[in-house]
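Colleague: Read top to bottom, the protein sequences are chains F and R.
The numbering used here applies: residue 3 is where the first sequence begins, and numbers increase by one.
The numbering used here applies: residue 11 is where the second sequence begins, and numbers increase by one.
Be aware that a few hints might be false.
To be verified - Listed next, the stretches of chain R that the computed footprint assigns to chain F, with coverage defined by at least 3 CB atoms under 8 Å from CB atoms of chain F:
no. : stretch
1   : 43-53
2   : 60-73
3   : 98-105
What the hints assert, rightly or not - Below 27 Å or equal to it, Euclidean Cα-Cα: the simulated DSS-like pairs (lysine-lysine) are:
no. : chain 1 : residue 1 : chain 2 : residue 2
4   : F       : K161      : F       : K133
5   : F       : K273      : F       : K12
6   : R       : K275      : R       : K209
7   : R       : K78       : F       : K160
8   : R       : K146      : F       : K107
9   : R       : K246      : R       : K235
10  : R       : K107      : F       : K133
11  : R       : K13       : R       : K154
12  : R       : K31       : F       : K133
13  : F       : K133      : R       : K165
14  : R       : K31       : F       : K107
15  : F       : K264      : F       : K34
16  : F       : K264      : F       : K27
17  : F       : K34       : R       : K107
18  : R       : K78       : F       : K107
19  : R       : K78       : F       : K91
20  : F       : K107      : F       : K272
21  : F       : K107      : R       : K107
22  : R       : K274      : R       : K305
23  : F       : K133      : F       : K213
24  : F       : K197      : F       : K133
25  : F       : K60       : R       : K78
26  : R       : K31       : F       : K161
27  : R       : K165      : F       : K107
28  : R       : K246      : R       : K209
29  : F       : K60       : F       : K213
30  : F       : K60       : F       : K27
31  : R       : K209      : R       : K107
32  : F       : K160      : R       : K31
33  : F       : K91       : R       : K107
34  : F       : K60       : R       : K31
35  : F       : K161      : R       : K78
36  : F       : K60       : R       : K107
37  : R       : K154      : R       : K165
38  : R       : K230      : R       : K107
39  : F       : K133      : R       : K78
I should point out that these hints are in silico values taken from the structure, not numbers from a laboratory.
Idealized CB from N, CA, C, for every residue including glycine.
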Amino acid sequence: MKDIRLEIFKKASLCRNFENSLYDKVQEKIIKFPVYMSAGQEFIASTISVKMNELDIKPDIFIQHRGHSTYLAFNGDILQLIDEMLGRKTGCSFGMGGSASIQSKENNIFGHDGLMGNQVPIGVGACFASKIPTIVFVGDSAAEEDYSLSAIGWASTKKLPILFIVEDNNLSILTEKKIRRNWEMHDVANGMRVKSFDISDDPMVIYKHLKYSFSEPILLNINTIRKYWHAGAGTDGENFDRYEEEMKFFGTEGKEIDEYNKNLVLSAWKKQLGKQ
Amino acid sequence: MEKTVRETIKEIVRVHLVEEKSMCFGQCLTAVGWVGGTLPELYEEDGMIEVATSDVANGGFVVGAGLKGIRPIYVVRYQGFQWYNAPIIINYACKSKEIWDIPCPIFIRSIAMEGAIGPVAGSSHHSLFQRMPGSKIISPMTPKEYQYAYDEFMKDDDVYYISEHRRSYDNTKELSNVINKDSDFTLFPISITRFDAEKARLILEDQGFKINIIHQLWIKPFLFKDEWREALNNSKHGGMVLDDDYEEGVASSIAHTMMISANKKVYTMGLEHRTAGFHPDVDNLPPTPVAIAEKVRSIINRK
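Extracted from the complex, chain F is given alone in its bound form (with noise of 0.2 Å):
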């Protein structure tokens, strides 16, 4: 089991590291509009894309707009993100899609418009129409929506190969969750006769709640803490941090992947700050 957790850390590492050198270029202002940041919340898509890889699973995969992590744990290309953030028509979504709409054809990676949840009914339509597996991120908020909540009780009428990830960091922009409902998703999903656990994001946990994966549908409600804001480079202040964690657990080992991908994302980035 250590060594998958060490490919889930390597994954969540190159995500943490883009996530910072990202908040670096806002602070310099040559990134000028809102991103949407995933770091603190990387195991989430790290680990499930160690345990696709591990069953032999491509699966299609509708994407948040607080998706960077989802896009990089999935192997999508650092460059062409990159050259998203700064416009370019090289970018994943042609510099369409700046932070929040990002995509990868190659690893059958669908982008978000920006209208919340609304991932959840074109996921599920998608996956009734193909059968293919097929994984939904959708946040805490953002899961609220009514159109979120039939589609997953469509989706479980139709027993869909289908996997609902909420990564619910407890704030949409920053109204904490028992302010906006009095009832969580695993519940409201099990009463729609939906296999769902409310689990932490620590990779272990979510790794071994794959193992329902695609059999039915499933949802996993992954409480997880962010990092940055929910728009723009700014700190939601001192939290417990996983990834820190997870660098201790792994000792020299994890301090060598951490300082490896730090290098990897700072030369991608001169690569492409060198490019006009």
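Following the hints, complete the assembly by docking chain R onto the known chain F.
Modeller: Same frame as chain F, but now just chain R:
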């Protein structure tokens, strides 16, 4: 025997499901009546997909199916319900090609009817789709026009909004333009108003007026043909766009496009800008032949 619009649609849906192996989504499709007899008696295993009573999400399901390249048909039984069904189609399917280079062709059968169906369901709402990029709108009222609309869709990779009207379903006749060299007025009718415009023309001709009628099949993209411009310019008192939607939409937009490239005024006539009630006294119906004729006479007499 000549085919009706109803039979044409039914056959198109059959071919689309059985031969093209596609899907047709909608609410209560397999109920009694099969959507006014426009659907073949097929079921989920054949691609006839009953969705839940969740209008907004249903639009999303069809977008997802569109992204997978199956060219779904989506039946919305009342055009007024497009206000709930349209958001994900307009914001995702219509923009997908431009943002991500992934086309999402969908054939939306959007069905109008009116008369005692209240403030939400009735009439045409094609204006809703007109103001956003990425969609094409066509309003076929004859068998050949409907077949043409489907054939165009199958050659294309855009979202097609087919603005149907139940009153056209029994129609077997094709509708032709009438263009006089020296007319008094030109009517540009859309959707179900095309039939009533024909009747209004006859009323006006009985009263000694020469009236052109130029049928509008394509709503978007709207192409103002040279022949039509010439007919408008040669009409002594201008023209009028007739619609089954509110005037402050497609009708006004098309009239504006016509006026900036012609030298005549173009008026509009459609639904009144008020909410429809259920009782006949408070309903909001498309212009009748008599009302059209009256308005044309008042414009002509104003000069």
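Colleague: Go check the stretch 43-53 of chain R versus chain F for me, would you? Three or more residues, Cβ under 8 Å, otherwise it fails.
Modeller: Violated: only 0 residues of the stretch 43-53 of chain R have a Cβ under 8 Å from chain F.
Colleague: When you check the alpha-carbon spacing of F/K161 and R/K78, does it fall within 27 Å?
Modeller: It holds: about 19 Å lies between the C-alpha atoms, which stays within 27 Å.
Colleague: For the pair supplied as a hint, F/K133 and F/K213, confirm whether the alpha-carbon distance does not exceed 27 Å.
Modeller: Answer holds: F/K133 to F/K213 is near 19 Å, not above 27 Å.
Colleague: Tell me if the straight-line CA distance from F/K264 to F/K34 falls inside 27 Å.
Modeller: Cα-Cα ~22 Å, so holds.
Colleague: CA of F/K133 to CA of R/K165, is that 27 Å or under?
Modeller: holds, 26 Å
Colleague: Can the restraint linking F/K60 and R/K107 be considered satisfied, given a maximum Cα separation of 27 Å?
Modeller: Within the cut-off at roughly 23 Å; holds.
Colleague: Straight-line Cα separation of R/K78 and F/K91 no greater than 27 Å?
Modeller: holds, 24 Å
Colleague: Quick one, are R/K78 and F/K107 close enough, alpha carbons at most 27 Å?
Modeller: holds, 12 Å
Colleague: Tell me if the straight-line CA distance from F/K107 to F/K272 falls inside 27 Å.
Modeller: The hint holds at about 25 Å.
Colleague: Sort out whether R/K107 lies within 27 Å of F/K107, counting only the CA atoms.
Modeller: holds, 13 Å
Colleague: Can you tell me if the stretch 60-73 of chain R counts as covered by chain F, using C-beta to C-beta distances under 8 Å and a minimum of three residues?
Modeller: Coverage by chain F holds for the stretch 60-73 of chain R (11 residues, Cβ < 8 Å).
Colleague: Given the proposed pairing of R/K275 with R/K209, does the C-alpha separation stay at or below 27 Å?
Modeller: holds, 23 Å
When the structure is compared with the earlier hints, violations turn up for hints 1, 30, 31 and for no others.
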